[in-house]
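Student: Residue numbers (the numbering used here), protein chains in the order written: chain A, 1 to 162; chain B, 1 to 188; chain C, 1 to 404.
Read the hints as simulated data drawn from the structure, not as lab findings.
A couple of the hints might just be wrong.
As the list claims (entries may be wrong) - Below, in silico cross-link-like pairs of lysine to aspartate or glutamate (EDC-like), each with a Cα-Cα straight-line distance of 20 Å or less: (1) C:Lys296 - C:Asp174; (2) B:Lys133 - A:Asp149; (3) C:Lys190 - C:Glu149; (4) C:Lys184 - C:Glu157; (5) C:Lys335 - A:Glu23; (6) C:Lys184 - C:Glu149; (7) C:Lys190 - C:Glu200; (8) C:Lys335 - A:Glu67; (9) A:Lys66 - C:Asp355; (10) C:Lys190 - C:Glu157; (11) C:Lys283 - C:Glu198; (12) C:Lys335 - A:Asp26; (13) B:Lys30 - B:Glu16; (14) A:Lys81 - A:Glu148; (15) B:Lys133 - A:Glu148; (16) A:Lys143 - C:Asp355; (17) C:Lys335 - A:Asp22; (18) A:Lys86 - A:Asp22; (19) C:Lys184 - C:Glu290; (20) A:Lys86 - A:Asp49; (21) B:Lys157 - B:Glu70; (22) A:Lys81 - C:Glu247; (23) C:Lys184 - C:Glu146; (24) A:Lys143 - C:Glu66; (25) A:Lys143 - C:Glu290; (26) C:Lys190 - C:Glu147; (27) A:Lys81 - C:Glu222; (28) A:Lys66 - A:Asp22; (29) C:Lys98 - A:Asp22; (30) A:Lys11 - A:Asp47; (31) A:Lys143 - B:Asp123; (32) A:Lys45 - C:Glu66; (33) A:Lys86 - C:Glu334; (34) C:Lys335 - A:Glu148; (35) A:Lys143 - C:Glu334.
The structure displayed is predicted, hence computed values, not measured ones.
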Amino acid sequence: MENSILLQELKSKFEKSILSVDETADILTVTVAADSIKPIVAFLKNDQDFIYLTDLCGIHYPELEKELGVIYHLHNLVANKRIRLKAFVTKANPQIDSLVSLFSAANWMERETFDFYGIDFVGHPNLIRILNVEYMDYHPMRKEYPLEDATRSDKDDSFFGR
Amino acid sequence: MSENKDKTYTVVDAPEGYSAPGFFATTLDKAVGLARKNSLWPLPFATSCCGIEFMATMGAHYDLGRFGAERLSFSPRQADLLMVMGTIAKKMAPVVQQVYEQMAEPRWVIAVGACASSGGVFDTYSVLQGIDKVVPVDVYVPGCPPRPEQIIDGFMKIQELVGNEPLRRRYSAEYKELLESYGIKIDR
Amino acid sequence: MKTINSEHHLDLTQVDEKVYSTLNLGPTHPATHGIFQNVLTMNGETIVGAEQTIGYIHRAFEKIAERRPYYQITTLTDRLNYCSSPINNIGWHLAVEKLLGVETNKRVDYMRIIVMELARIADHLVCNSVIGVDSGALTGFVYVFEEREAIYEIYEELCGARLTTNLGRVGGFDRDFSPLAIQKIRTLMKRLPKILHEFENLLMRNRIFMDRTVNVGGISAERALNYGFSGPNLRATGIDYDVRVQEPYSSYNDFDFIVPVGENGDIYDRFCVRQTEMWESIKMINTALENLPEGKFCTEVPAFFLPPKEDVYSKMEPLISHFKMVMGEIDVPEKEIYSAVEAGNGELGFYLVADGGRTPYRLHFRRPGFIYYQAFPEIIEGASLSDAILTMSSMNVIAGELDA
Numbered sequence: 001m002e003n004s005i006l007l008q009e010l011k012s013k014f015e016k017s018i019l020s021v022d023e024t025a026d027i028l029t030v031t032v033a034a035d036s037i038k039p040i041v042a043f044l045k046n047d048q049d050f051i052y053l054t055d056l057c058g059i060h061y062p063e064l065e066k067e068l069g070v071i072y073h074l075h076n077l078v079a080n081k082r083i084r085l086k087a088f089v090t091k092a093n094p095q096i097d098s099l100v101s102l103f104s105a106a107n108w109m110e111r112e113t114f115d116f117y118g119i120d121f122v123g124h125p126n127l128i129r130i131l132n133v134e135y136m137d138y139h140p141m142r143k144e145y146p147l148e149d150a151t152r153s154d155k156d157d158s159f160f161g162r
Numbered sequence: 001m002s003e004n005k006d007k008t009y010t011v012v013d014a015p016e017g018y019s020a021p022g023f024f025a026t027t028l029d030k031a032v033g034l035a036r037k038n039s040l041w042p043l044p045f046a047t048s049c050c051g052i053e054f055m056a057t058m059g060a061h062y063d064l065g066r067f068g069a070e071r072l073s074f075s076p077r078q079a080d081l082l083m084v085m086g087t088i089a090k091k092m093a094p095v096v097q098q099v100y101e102q103m104a105e106p107r108w109v110i111a112v113g114a115c116a117s118s119g120g121v122f123d124t125y126s127v128l129q130g131i132d133k134v135v136p137v138d139v140y141v142p143g144c145p146p147r148p149e150q151i152i153d154g155f156m157k158i159q160e161l162v163g164n165e166p167l168r169r170r171y172s173a174e175y176k177e178l179l180e181s182y183g184i185k186i187d188r
Numbered sequence: 001m002k003t004i005n006s007e008h009h010l011d012l013t014q015v016d017e018k019v020y021s022t023l024n025l026g027p028t029h030p031a032t033h034g035i036f037q038n039v040l041t042m043n044g045e046t047i048v049g050a051e052q053t054i055g056y057i058h059r060a061f062e063k064i065a066e067r068r069p070y071y072q073i074t075t076l077t078d079r080l081n082y083c084s085s086p087i088n089n090i091g092w093h094l095a096v097e098k099l100l101g102v103e104t105n106k107r108v109d110y111m112r113i114i115v116m117e118l119a120r121i122a123d124h125l126v127c128n129s130v131i132g133v134d135s136g137a138l139t140g141f142v143y144v145f146e147e148r149e150a151i152y153e154i155y156e157e158l159c160g161a162r163l164t165t166n167l168g169r170v171g172g173f174d175r176d177f178s179p180l181a182i183q184k185i186r187t188l189m190k191r192l193p194k195i196l197h198e199f200e201n202l203l204m205r206n207r208i209f210m211d212r213t214v215n216v217g218g219i220s221a222e223r224a225l226n227y228g229f230s231g232p233n234l235r236a237t238g239i240d241y242d243v244r245v246q247e248p249y250s251s252y253n254d255f256d257f258i259v260p261v262g263e264n265g266d267i268y269d270r271f272c273v274r275q276t277e278m279w280e281s282i283k284m285i286n287t288a289l290e291n292l293p294e295g296k297f298c299t300e301v302p303a304f305f306l307p308p309k310e311d312v313y314s315k316m317e318p319l320i321s322h323f324k325m326v327m328g329e330i331d332v333p334e335k336e337i338y339s340a341v342e343a344g345n346g347e348l349g350f351y352l353v354a355d356g357g358r359t360p361y362r363l364h365f366r367r368p369g370f371i372y373y374q375a376f377p378e379i380i381e382g383a384s385l386s387d388a389i390l391t392m393s394s395m396n397v398i399a400g401e402l403d404a
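Whenever a hint applies, use it, and build me the whole structure from the sequences.
Tutor: What follows is the structure, encoded as structure tokens:
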């Protein structure tokens, strides 16, 4: 399966939604508008045989206007072709469609992304924290939060040059 | 084979005491301690990598059964020794404390591995920085993960503590104060 | 259940209403081999529904990875699937090599294959013997653990550690295989077939074992793909997806091996797939040992490969590169990659975004166990409790990998 054919198919269907294409990366990378992620993935799954959702994760670029991103890796097992989709949302309105109705695998991956980045997957059946404690009041993978436990008092930071 | 015949094997060493033909006298503390330390029932609270090394410790090669601890008690009610092996996240901390509360006196705790002792390499928002934040610990075993020999060494340290513990210790005011400092209820 | 109303007459309107009981399995249940919590809704002995809670050993790996130089992340990968840490280590090295565009020589590739296949054997030995334990046969477990101990001794000879190996470096290994290590591997490869045969004789055609496992805990190929299954669990359903074949890394394409597949995706098929994979691993290790190419045990990646210690103490250039590497002052290209390896229980992927700095900008681990464990409630619905325990151990879910 050639990149150009796949891109042509995608562009003919979703011309307005495809924001940028990067063919230099190891996997064909397409950045799409957040509101059209579900129809694009559905098209890839049903018409192009990308039946395997390899991975779904979040990313945070504080300097961008749309800070939070969701990155999807899909795999066409027959043609052995991978594709990477990216969709970005703002921190104020981090809504994006859930893929649970297409891939059962997306369920926990989306919950993890919500837990880490606070991205709201619209239509997810059970969007609650998965790895962290329920009473946690922030999304720890966002860049502004520290790695260390902020409540720790037994450590003298001056020894660590901080 | 013949040279082995002269060897004498002692299962346990007799405590200090007075003996003459027909009798042996020692303190009650020591007799009870001797019995206790050679029949500890561990509760393996294994969460991650150290638990796998504990499996090796229990296996035929290292065989913790030689120390009278082959009977694992998965129910805290019948356990004497809580062996916490692996990372304890903040989500898990109340569970550790609850398991400790469910154990009957006298009870001992051994923190196996760097994570259980101090949080280890995981100085993060989600990891409890050592189980001594929630339960009192008797012996710490360093290592990430410790080798089975080290786990056995830690176990022998516990045996030493158990053997030398006065019977009154668990009724003392200091002990009650210790438990209260962890917020652990005392049923007696 | 029958209920009696206040006048002590049988209330016939409620006779047929089912009353379900709730059973809390975990997080410290002896039968679950790890920290998993399942709140089961039971109708007698039959499971009606299950609600999973995970995260009991969440250690924030991905956040730590954003604060550590590349070579320090190897220690994190150890603690993902700790039953087969060398595969994770080498998977991470391969990911960094892909980022840097480094090609390793054949000797490194073959050495890696030997180590990875040893780790796969260790992983499968644990999983399959635990299936035995949960179906009531402790003997096999105690027996094959001796062989796993032998594999640990080989790791020790290679890198000094038993379990969390931190094995190898970016670009190869920190030292060559010692003659003793090669001898130990050869001895094990001679002995292991006999042990595996005995283990299979004990279980594979055992009436009790087959009754407990055939057509129990199965999943269809379609559902498995939808759930993102990978590794032996996916192959047991009949899908021959193996990363080693689909996207050969580390010269796996030089080797001739079978990818075993099952039919029903049940516990017995998973068991057999793992068993066959061990036989294939033994063949691969033997072939790799016989054809071990000449060459250096590492590729020169100056920014990542620590120079030999004697050079650091006596020469200027190695000292500088040693210092730069330890302080993380290295140049990496600004790009993103996805690199996957076939770990003991599935496709272990590394999605790495580099911004040119000393640490990754973002590193996401695709943990196979995390993705396929969510199918557990669907698989065990309608099964009995004892079958659920067996299903869980046959899925080879490792808590460290699940919670990251």
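Student: Which earlier hints turn out false for this structure, listed by number in ascending order?
Tutor: 14, 25, 32 and 34
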